[in-house]
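Chains as they are written, first to last, in this note's numbering: chain A, 22 to 227; chain B, 22 to 227; chain C, 22 to 227; chain D, 22 to 227; chain E, 22 to 227; chain F, 22 to 227; chain G, 22 to 227; chain H, 22 to 227.
Since the hints were derived computationally from the structure, they do not count as laboratory data.
Treat each hint with caution, since some may be false.
Unchecked claim - Simulated restraints on C-beta separations: (1) G:Glu69 - A:Glu69: 54 to 62 Å; (2) A:Glu79 - B:Leu142: 30 to 38 Å; (3) D:Arg126 - B:His46: 14 to 22 Å; (4) C:Asp143 - G:Gln38: 52 to 60 Å.
We put the beta carbon where it would ideally sit given N, CA and C, even for glycine.
Protein chains: 8
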Amino acid sequence: MRKGFPEVIFCQGKTPQQVKEIALHMHKNGSNVLGTRSSKHHFEAVKEAIEEADYYEEARIIFIRNTVVNKAKGIIGVVAAGTSDLNVAEEAAVTAELLGNTVKRFYDVGVAGVHRLIDKLDEIRQCSVLIAIAGMEGALPTVLGGLVSSPIIAVPTSVGYGANFHGLSALLAMLNSCACGVSVVNIDNGFGAAYTASLINRIGES
Amino acid sequence: MRKGFPEVIFCQGKTPQQVKEIALHMHKNGSNVLGTRSSKHHFEAVKEAIEEADYYEEARIIFIRNTVVNKAKGIIGVVAAGTSDLNVAEEAAVTAELLGNTVKRFYDVGVAGVHRLIDKLDEIRQCSVLIAIAGMEGALPTVLGGLVSSPIIAVPTSVGYGANFHGLSALLAMLNSCACGVSVVNIDNGFGAAYTASLINRIGES
Amino acid sequence: MRKGFPEVIFCQGKTPQQVKEIALHMHKNGSNVLGTRSSKHHFEAVKEAIEEADYYEEARIIFIRNTVVNKAKGIIGVVAAGTSDLNVAEEAAVTAELLGNTVKRFYDVGVAGVHRLIDKLDEIRQCSVLIAIAGMEGALPTVLGGLVSSPIIAVPTSVGYGANFHGLSALLAMLNSCACGVSVVNIDNGFGAAYTASLINRIGES
Amino acid sequence: MRKGFPEVIFCQGKTPQQVKEIALHMHKNGSNVLGTRSSKHHFEAVKEAIEEADYYEEARIIFIRNTVVNKAKGIIGVVAAGTSDLNVAEEAAVTAELLGNTVKRFYDVGVAGVHRLIDKLDEIRQCSVLIAIAGMEGALPTVLGGLVSSPIIAVPTSVGYGANFHGLSALLAMLNSCACGVSVVNIDNGFGAAYTASLINRIGES
Amino acid sequence: MRKGFPEVIFCQGKTPQQVKEIALHMHKNGSNVLGTRSSKHHFEAVKEAIEEADYYEEARIIFIRNTVVNKAKGIIGVVAAGTSDLNVAEEAAVTAELLGNTVKRFYDVGVAGVHRLIDKLDEIRQCSVLIAIAGMEGALPTVLGGLVSSPIIAVPTSVGYGANFHGLSALLAMLNSCACGVSVVNIDNGFGAAYTASLINRIGES
Amino acid sequence: MRKGFPEVIFCQGKTPQQVKEIALHMHKNGSNVLGTRSSKHHFEAVKEAIEEADYYEEARIIFIRNTVVNKAKGIIGVVAAGTSDLNVAEEAAVTAELLGNTVKRFYDVGVAGVHRLIDKLDEIRQCSVLIAIAGMEGALPTVLGGLVSSPIIAVPTSVGYGANFHGLSALLAMLNSCACGVSVVNIDNGFGAAYTASLINRIGES
Amino acid sequence: MRKGFPEVIFCQGKTPQQVKEIALHMHKNGSNVLGTRSSKHHFEAVKEAIEEADYYEEARIIFIRNTVVNKAKGIIGVVAAGTSDLNVAEEAAVTAELLGNTVKRFYDVGVAGVHRLIDKLDEIRQCSVLIAIAGMEGALPTVLGGLVSSPIIAVPTSVGYGANFHGLSALLAMLNSCACGVSVVNIDNGFGAAYTASLINRIGES
Amino acid sequence: MRKGFPEVIFCQGKTPQQVKEIALHMHKNGSNVLGTRSSKHHFEAVKEAIEEADYYEEARIIFIRNTVVNKAKGIIGVVAAGTSDLNVAEEAAVTAELLGNTVKRFYDVGVAGVHRLIDKLDEIRQCSVLIAIAGMEGALPTVLGGLVSSPIIAVPTSVGYGANFHGLSALLAMLNSCACGVSVVNIDNGFGAAYTASLINRIGES
Ligand SMILES: Nc1ncnc2c1ncn2[C@@H]1O[C@H](COP(=O)(O)O)[C@@H](O)[C@H]1O
Ligand SMILES: Nc1ncnc2c1ncn2[C@@H]1O[C@H](COP(=O)(O)O)[C@@H](O)[C@H]1O
Ligand SMILES: Nc1ncnc2c1ncn2[C@@H]1O[C@H](COP(=O)(O)O)[C@@H](O)[C@H]1O
Ligand SMILES: Nc1ncnc2c1ncn2[C@@H]1O[C@H](COP(=O)(O)O)[C@@H](O)[C@H]1O
Ligand SMILES: [Mg+2]
Ligand SMILES: [Mg+2]
Ligand SMILES: [Mg+2]
Ligand SMILES: [Mg+2]
Ligand SMILES: [Mg+2]
Ligand SMILES: [Mg+2]
Ligand SMILES: [Mg+2]
Ligand SMILES: [Mg+2]
């Protein structure tokens, strides 16, 4: 593990009691602790035991800071379409921040209105790494990939219905992107995208 | 059937002999005859029996003209990315022409280079109906749908490999398009898209 | 966007609070606002803030009228089998009406009793565009396609169980229709079908 | 096994030599022998060893008659759309005949032209059992089921392309038929349909 | 429809109010009415309006008798493994009875204890038609098919977990049965199996 | 690796040249060498270089013996239906023999004729471990599992067509077996089943 | 069934009342009774009727002991990654114990930290049979298989989200394991793995 | 596009003639040209027209150098298991080299022999970015991810059979990796992985 990078708990499917115990154990080792997919109930159980725990509601993240991560130089851009993908986008953005990165959010740039994306290009191009989040037809990373030359981590979301098949449509679209420089993480995996983006953003650090 | 619209033979999976016999039968009724997915072997068998048969190689179409279809007013635009989708695009474009439409081809406009698409917008917007053809991540109809206000018939193609699953990625992407005004036909079904586009293009004719 | 066509909110998966805020924002711009897949809770939140909001219960649609859409000339026919597909059929029919179309509903015409469909043919043939809605084996657009010469937008529904796989059976059947002139939208996407049908119904308008 | 019903060899995937040996073994027991999915090569190997072997080319069936099956009273109707499903239809029809049934073929009755089916209804209704064969959208058994009151064995075929997924579309459509009295066999399984239809056609025999 | 056969309502997904209204309408026509997949709530709504309505709890069936169906001669056997498939088995058995058939239930005969099946063979062989119901690996119709010479309607159930995929394992197993005389209906479709079995059981009646 | 167990080459997809080189390298180390899924071309290339190489044609196995494996005490039974599964069955049987086991073959015992299986039970019950091989509906391991108390390694085969989906039907059936004591290997993986069976057969050896 | 091995009830999907009745019936026969996938409600219903019933909460197992199973010689090792797979791991471990085996649990050894696994190797290698439990990417049995020479029963779990598809990712990974000696049971089937492991662990007993 | 990065032709599915023409066109623009998935026939056609074209046979890559790419500082490590994944591994390695990177190959490190991987760790840890290539159970990126702290681009390959489903097993395993820092490209997409790795390897360059 990277120095200062937190230990991580995937809270979904665990009881608040289980999460609390795991968190306490990690906390006592002096690690930073990051809980993803946590509900308020998870947070409350942790907060009882560890006063300094914080909760990021939209991102569904619990964080306990014990050491400081030094700041990375580059910027991570989180690019997403809108309201529906917000939870996943925030999971990515908050994770990236907690791993010591400067993050810029670009949240109103769905491909069915490509000019909104183009209008932000100058700012987007200043980022070292991009995280592109999209549900439904999952076209955003492809369009973005044609406009920038930084690496893109694509996150398909399960937003949609019917032939979306819980995110399969966006996942397959992203894996088949005709743009270069796009790699993909699991459906709704904002955390994983941010972790990878952080590793990339620190390349060249010694 | 629309007046003057041809009778249609789906040649794939039929022997040249079978195609010839069906074509002869239709020809004798005085219908126009359109054979799709035909190989040169199909064409040669038909040509032997019916002198006036024509062959469109890239479109893989046999056509026998017996009556004239009157010209529709609007333009059908066929929008596609490039070399790989050519057969399907030509199947659509040639079918639309044979059904009496003026057709414009826009063939170098993949979404990983969105400016090429934007550069053609003025011309594209003059079309009454659009056929958008794409393989792989199938994003073209969505991006297009955000830029125009005419109806779009989307054709996923089986171009790709791996998680493309023979066109499934493009098909699902198109069905889940976040743009309005997009409807979808079967994978590689250039013929069906053109037929539907022709019906649309003649709405208001009496 | 077409003049007078509304801005659209997909309410499902959003909180009533989120929907209210988006609606208010659009309303203040003077747009018509159309909320699809809305529950009563969504509507109540919107109604509190915007007095003139209307709710179409079976269609699950919220509508706020700010400008008048001029009436299209042709008729859109909505063809469906019965009770189970009612919500999707009404989503299509109400959307089409709100987009300025005259709509005729043909709701008791499942293919397992093909004579009921044939009895309505004269009326159905007067429509410029048809929306055909069916779950289970999804055969309605195919049978219809053989009887009429207007374009058909097919909507598979998730009605069924077992090997229906949440609408997959109807979706695949419609994509493979052996009738000409059929194109398909996402499972349960009555809104999308109506939007496309409206664009088609206005072709030739200037 | 029913008295006089043949022993059956599924030839596909076996060498001509293997088929010959199995056939000889059965032949020596005095059984009738029926080989399905046989190529000409299979037949030639069998013919060399067993003079009285017959070959039904379109049905891809080898038959060796050793005992007579008594004739069933009712008629089995084989209903199909056209050229493409011919092999499967003939496999069903020839099998049913070899199992001692009177068979009527109705081969030009696809659902995209429902009047052709309706024109044949009087004759079709005289059958005790029906076998309905269709590829692509697989709607035939459903439409038929609404028009007759005899049991229907539905056979999906692998005819089609793209989202047909080798017969999956027709299979799912048939399993989800909204008509009563329809049961289904494997994709392309004309033999199995005919065998079942034969058992049904002999109910009441002692 | 067969004389005396009921009109059918598929209650699942309908409100009690909707079911009541449909039932009343059919009842007034003098038809027998059969409601499948009905909950107690459906029944109570119907009972309020139609005093003579009956409820079969395990079968989840509502029945309203208005005319008498004459009794069929043959016996329908319903063969199943045990407790878990009980609802589907009863849906089949009760439907078959209400359609005028004598029904025998064989409910403790799973293939993982093949001797229990063999012990019942004499009785099972007296049936004209068999309905074989199984979840999980779906092997019962195949084993049964090797032991009897009557036609078998196979019903896969959604009983199982994991790689069962909601009945897919049993469905595929039954469609691929290596025994002759087996045809298949939708997952959990006890009603459809019984309806088909009834049609078969009446073959030869005039 | 177990003492005396061979090093293994999966030949399919490798060139004869590649296989020869790998085999030579292993051979020089003094290991026994086992090549699976090998064609005659693979064998010929190997034979050229290594005189003592043997070829088992039906099993598609190349073997080069350099050391002797001591004989295991128990018997491994290979149970299969017939001609179509022969290659996989022989791959299992020959592999098990080459790993030092006594093997008994039971090859004519498909579940559609369950008495043939029951007739062999005494012999089958003398085996310590069983390998059960079946395609299509994959019911054999389940029926077998109810009749014996030794562990069963189930091998689904890709034998079948249509809804078999290249072995998926048998695979899912085996994973969902309602019999106890059954575990499963990959489709057509006779080798893997035999390797596992060999490890089991040697439990208790020191 | 093995002497002393229990009769088994799969409780999920059964009412507490049904489970109680089946348990009572088995109990009266003097068998040991094992209920899997049981909730507390199931247990309470059974406990009311049978005083000596025990409940293993994490394993979700009810057990009623009526006879003693003699102890097997070898050890069964249950190897798993951590908190999320705990229920399945305990289902396996408790079942194996109740079937008369000595069980060792290795629960903190996920492959993303392969040294934890390597640290336990000496102990793991003392086991006769291993059960390897993993969700998500399902790599544990493969890594383990390369390090030990005992047979491994692999249990995929449904732990994960998105492209996990309810355990499909782990299931496919395990079936495709490139390590020898691995066979697989159904997703989440801890019971089945333990039953098979018990049979294996008793090979050589007379 | 990055300065000096080539224009790319996906040759598969194109005729040699088409590839030659596209290559010539790019060549005349002074770009470097990279053709992937090219056969010898493609190369020969290109070579005829462009003398300086080179061919990398195992990588299936055509390259035409017109400008020099400056060398990146970091090393890209290509980690793979063995012979079967060689083509994909070489496609990745050669692409990375042609894009100006220093590449180290680690080709004998499958996870079923985890010590071979561990033995190379010191060298692997000197790489800035890793490309991990695996078929079958696709576990390599996960195990690797636990041992290093550089970002990993995972490439599933279609190597395998049966439940591998043409690379699906490895793809799903990689998307569900329980290790951090792993992102995924399409099945067999060595080129895409190398392109992304190159972008990452140049982060911090100005
Ligand atoms: N390329 C195509 N894709 C889909 N459907 C087609 C195609 N070409 C023809 N058809 C349809 O197939 C019918 C002819 O099929 P057939 O009778 O088998 O030749 C026509 O009426 C069309 O509806
Ligand atoms: N019922 C529906 N089905 C599919 N797409 C819809 C539906 N309702 C709205 N949309 C689309 O979703 C967009 C709004 O999504 P959102 O910004 O998440 O509210 C609109 O522009 C429409 O294109
Ligand atoms: N359990 C069932 N499974 C499948 N189809 C059914 C079932 N019950 C009724 N049906 C069919 O559904 C039709 C009634 O559907 P509905 O009009 O939606 O009530 C009937 O005509 C039957 O063909
Ligand atoms: N957790 C489990 N997973 C799979 N099969 C089980 C499980 N528990 C019990 N079984 C099997 O299910 C049978 C009992 O099923 P049932 O008769 O429905 O209670 C037993 O004989 C076992 O073979
Ligand atoms: Mg780019
Ligand atoms: Mg638009
Ligand atoms: Mg039509
Ligand atoms: Mg009927
Ligand atoms: Mg039978
Ligand atoms: Mg057993
Ligand atoms: Mg091992
Ligand atoms: Mg790492």
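Here is what the structure says about each hint:
1. G:Glu69 - A:Glu69: 54 to 62 Å: Taking Cβ atoms as reference, Glu69 (chain G) and Glu69 (chain A) lie about 37 Å apart, which means the hint is violated.
2. A:Glu79 - B:Leu142: 30 to 38 Å: For Glu79 (chain A) and Leu142 (chain B) the Cβ distance comes to about 36 Å; the hint holds.
3. D:Arg126 - B:His46: 14 to 22 Å: 19 Å, holds
4. C:Asp143 - G:Gln38: 52 to 60 Å: 59 Å, holds
Checked against the numbered hints given earlier, this structure breaks only hint 1.
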